[in-house]
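Q: Sequence:
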Amino acid sequence: MSRPSPAAFVAVTLASRVAAAAPWQLDPDVQLSDSGFVSQKVELVDIDNDGFVDLVFANSAGDALGDAQDAQPNQLLRNDGAGFTELAGLFDEPDNAYAIKAGDLDGDGDADLVVGVNFGGQSYALLNEGDGVFTRQDIPASAGKSIGDLELGDVDGDGDLDVVAADWGASQPYGQQTDPGQPLRLWLGDGDGSFEDGDLNLPMGMETWASWSFDVELVDLDNDYALDVLVSSRGPGFGFGLKNDGAGTFTHSTIPALAANVAKQVNAAFTPADLNGDGFLDLVTLQDGAGQGGNCVDVMGVPTCARRNSILLNDGTGNYVTDNPGNFWATADNPAKLDFDAATLDFDNDGRPDFVTTGLRLGANDRNSRLLLNKNGAAVEPAPVPLDAAFPIVPELAATFGLQFADFDHDRREDVAVVTRDAALPNFVLFGRDDPADGVAIDTTPPRIYDDGFADKLGTLMYFGQQARFVARVDDSKTPVRWHDFQIDANLGDLDLIGDGATLTAHNRRLPYLEFALGLDDPNDLLALADGDPNKFIAPSIWFGEALWRVGFTVPYKGKEEDTLTWQYCAVDAADNKACVGPFSVTLLADPIDCGDGVVQPWETCDDDSPTCVACEQTCGDGILDEGETPQNCPEDSGLCDDDGVCEPPENPQNCPGDCDYDGVCGDGTCQVPPENEDNCFEDCGPCDHDGACEPPENSAHCPDDCDYDGICGDGIRQSPPETPENCPQDGADPTGGEVCGDGVCDAGETIASCPHDCAVCGDEICTDPPENSEDCPSDCPAPPPDSGAAASGGQMDDDSACNCSTRPQPASAAWMLLGLVALARRRRIMT
1204 MSRPSPAAFV AVTLASRVAA AAPWQLDPDV QLSDSGFVSQ KVELVDIDND GFVDLVFANS
1264 AGDALGDAQD AQPNQLLRND GAGFTELAGL FDEPDNAYAI KAGDLDGDGD ADLVVGVNFG
1324 GQSYALLNEG DGVFTRQDIP ASAGKSIGDL ELGDVDGDGD LDVVAADWGA SQPYGQQTDP
1384 GQPLRLWLGD GDGSFEDGDL NLPMGMETWA SWSFDVELVD LDNDYALDVL VSSRGPGFGF
1444 GLKNDGAGTF THSTIPALAA NVAKQVNAAF TPADLNGDGF LDLVTLQDGA GQGGNCVDVM
1504 GVPTCARRNS ILLNDGTGNY VTDNPGNFWA TADNPAKLDF DAATLDFDND GRPDFVTTGL
1564 RLGANDRNSR LLLNKNGAAV EPAPVPLDAA FPIVPELAAT FGLQFADFDH DRREDVAVVT
1624 RDAALPNFVL FGRDDPADGV AIDTTPPRIY DDGFADKLGT LMYFGQQARF VARVDDSKTP
1684 VRWHDFQIDA NLGDLDLIGD GATLTAHNRR LPYLEFALGL DDPNDLLALA DGDPNKFIAP
1744 SIWFGEALWR VGFTVPYKGK EEDTLTWQYC AVDAADNKAC VGPFSVTLLA DPIDCGDGVV
1804 QPWETCDDDS PTCVACEQTC GDGILDEGET PQNCPEDSGL CDDDGVCEPP ENPQNCPGDC
1864 DYDGVCGDGT CQVPPENEDN CFEDCGPCDH DGACEPPENS AHCPDDCDYD GICGDGIRQS
1924 PPETPENCPQ DGADPTGGEV CGDGVCDAGE TIASCPHDCA VCGDEICTDP PENSEDCPSD
1984 CPAPPPDSGA AASGGQMDDD SACNCSTRPQ PASAAWMLLG LVALARRRRI MT
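All letters in the sequence shown, in the order written, are residues 1204 to 2035 by this note's numbering.
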C-alpha cells in the first residue's frame, strides 16, 4: 500500500470533507500506487484466493492514435484487508493493454488473466501458478491485432473459456468516417490456457458494422443458455449483436433500436441487466441517446461531445426494438453526458438492479458519476439528493472512465474501484459510507436465481450413473458477475463435493451449487441436513460467462434397486445472504440403456452380450442351466457329465440325460436303487455294515441283509429280532433309565403301539397280534367261525362248528390260571 504525499493527502482529505454526503467516499489511508499511468479498464479478481478482492488495471496512453511509444506497465494490486500493494514482477514489461479479464483458463480452479493488447501488439494469457507466480502464454492468433476490448466465456459449449475481442485494425486515427474497422476476433480455448483461431465461426463483413469498439459483451440474449455477442461502436456503423447457434457459430443480428436512428451511430458501452424483472436481459447503453448535447471536451486530443444514454428493453426474443420504451428513463433525468461505463448493484435492497454511470466531467460541478434507482421495474430515476452524486465532486474524480463494485473491506457494503483516464490523476477505491441517511446500506438481499422452470431441470426420473447436467442464471444484481460476488468459504474442501466443479475449488468461493440427498421420505428433510452431513452431496457450479452457471455430476448409487434424489439449487452471496429454489424429488432407477455398454456399473453384475448375462444380471452360478448356458460357458451350472449313472448336481436332465433319467438326484437323502448305490452316491446310500439293523441310508434295495424285516432303525419301535440294544440303541431306549422292549415288562415309556410284545394284555378286549392270538387269548382274539376256519384250513367242520367253539384241545386249568396271573401282572405294571 503506497502512501500519498502531504499535498495529495490534503487534497484527498479536503475532497472527502467537501463531498461527505456522497454514498461512496475516498479514504486518505487507502491510496493506489500510480506513476502517471493512463488506465483504460479495471478488472476485479481475488487472485490469491485469500477472500479479499484485488485490482488489475490495463494501462495505455494511446487513444485514436497509438503505437509502441504509448505502452505502459499494467498493474495488479493485492488487497490484504488494510490496503493495496502492487505485485512486483508480473507486469514489468510495458504494453498497450486496453482490457484485462479474469477467468479459469486452464481448469485448475483459480483465476488466470487474459491481456488484450492494442496498436498491433501481442495479446497473451497469464496462467496463475499460485504464490504470485504466473506463466505467460502468447495467443498466436492475436499477433498484429489492435484489441480494444475482450470478454471471456464458453461460446462453443466444450467446457473451456473462449475469448471474443474487438479489433480496431490499423487505420489511424480511429473513429473517422474513413475508418473501415476490422472484424471481431474469436479465440477458442483449449482448456490448458492456450487458444486457437476461431474466426471462421464468425460471419463475414463485420468490419462494415462497427469500428473503434470500446466494449464487447458476451450475454445470453434469448435465454437459450448460449452466449451471444454485443459490440459497441464509437466510429462509423452501429452497435450490433451476433446470435450463437449453441455450438459457437454466429450470425449477424441488427439491433433495431440502435440502427433506426443515425444519431445512435455512436455507442460507448453496453451494461446488461434485467431491469424490468421479466427474466430477459435489458441494456443500459451509453452515448447513443437521442438529442446531442452541446458540451464537447477534448478527450486525449479528440473532440468529444456529450450525448444522452438509453434504456433498451428485451422484447422476450433477444431483440431490442424500441429505444427507451414507455419513457423508461425520462429525458428530464437523462441529460447529455460523456459517460463511458455503467455498473449495476442493488443499492436499496429491493431485489432489483440499480446502476451507477461514470464519465468525464463537463464542468466544475457536473455530477459525472450518478446513482440511478430502479423503481419497481417500471422506470429508473436519479437517487434523491444528495445520493444522486454517487462519488464526490472533486478534481481527483473528474476523469473517471470505468468502475466495478465489490466489498473490499468485508463490511457487507458495496465499495467501488474507479478507473481514472488521466495521466495526472491516480485510480481510486471508494468505500461505501456507513450512514443510515446518505450512506450505503448493508447488503441484506440474497442473490437472484432466475427460475426458468427449475422443477423440470432434472425431470422426475433419472438413472444411476447418469450424467446429470443443467444450466442456470444467477447474479447478485451486479454486472459483470464474478466469483467474488459469492461467499468466501475456506472449509469448502471439507464438504462432500461431487461433480465437474468438485475439484475446481482453489478459489475458496461458495459458488452457486446444487445440493441433494438420496432416500429421503420427505423432500423437506433436505432443508434440515447440515452442509457437513454425510448424507448430503454438494455439486458446485462452474461459471461459463455473463451470469451463467453450469452443473454436472454423476448420479450416485447407494445399493438400492430404486431410490429417490431430493435436490435444490442455492446461492450465497459475499454478504452471506442465501437463496434456494426447491426442493424437488427425482426417482432413481437402473438405466436399461446402459446395460450392454460394456461397463459393469455398481448396480450390475455383468455387462456384455454373453448368454449368461441377462438384463445385466449374471445367471451363471445360480445352479440353474438357463437357455444359452453350456458346459463351456457356464460349468458352474452345467457341470461336467461324468456318466457314472447317478445324477449329481449341477448335472440335470438337460445337461446330462444319461445320468439323470430317473426321478431323483444324488443328495436328496433317498437311495434310489437303481441307479444309486454305495459307490456312485455315497451320501444317499452309504455303506452296508451288516449289523442286522436297517440304519438309513441303508435300505432293502442296497442292503438286503440288514433290511429284510418290516421296519427301520430309528422309527422308535424296537423290532426284536433283528433289532437289539447293541445294533439299534435308538429304538426302545428307556428315557427313565433301563426299560427294553422285549423284556416282558410294559415299562412307562412303552405302549401297545411301540412295544406290543410287552404291553399287550389278554382280557382288555383288544386283540394285539402279535403276540395275542385266538389260541393264547381267545377272549381278545376269538376264533373265526367254522366255515371261515374250514375255508382257511382247507378242511371240513363237523356239526359242532355252529357252537363257535375252538376245536383245539382245551388247556389244563392250571395253565389258564398262569396266563391270568401274567396278564394281571402286566396290568398292574401299567397302572403303577
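One should not assume that every hint holds.
To be verified - Below are the DSSO-like pairs computed for lysine-lysine, each with C-alpha atoms no more than 27 Å apart in a straight line: (1) 1446 - 1660; (2) 1660 - 1578; (3) 1739 - 1761.
As the list claims (entries may be wrong) - Label pairs and their computed distance ranges (CB to CB): (4) 1730 - 1694: 39 to 45 Å; (5) 1480 - 1820: 50 to 56 Å; (6) 1480 - 1448: 50 to 56 Å; (7) 1839 - 1738: 35 to 41 Å; (8) 1894 - 1820: 35 to 41 Å.
Hints are computed from structural coordinates only; laboratory data are not their basis. For clarity, every value in this text was computed on a predicted model and none was experimentally measured. Built from N, CA and C at the ideal position, the CB exists for glycine as well.
Q: Evaluate each hint against the coordinates.
A: Evaluation of the provided hints:
The hinted pair formed by residue 1446 and residue 1660 meets the criterion: a straight-line CA distance of about 24 Å does not exceed 27 Å. For the given pair, residue 1660 sits about 32 Å from residue 1578 by alpha-carbon distance, which is inconsistent with the 27 Å threshold. As the CA atoms of residue 1739 and residue 1761 are separated by approximately 13 Å, the hinted pair is consistent with the 27 Å bound. At roughly 20 Å, the beta carbons of residue 1730 and residue 1694 sit outside the given window of 39 to 45 Å.
For the pair residue 1480 and residue 1820, the beta carbons lie near 53 Å from each other, so the given range of 50 to 56 Å is met. At roughly 28 Å, the beta-carbon separation of residue 1480 and residue 1448 lies outside the given 50 to 56 Å, and the hint is violated. Checking the proposed 35 to 41 Å range against residue 1839 and residue 1738 shows it holds: the Cβ atoms sit about 38 Å from each other. Separation of residue 1894 from residue 1820 is about 52 Å and departs from the stated range, judged on CB atoms against 35 to 41 Å.
Of the numbered hints stated above, those contradicted by the structure are hints 2, 4, 6, 8, listed in ascending order.
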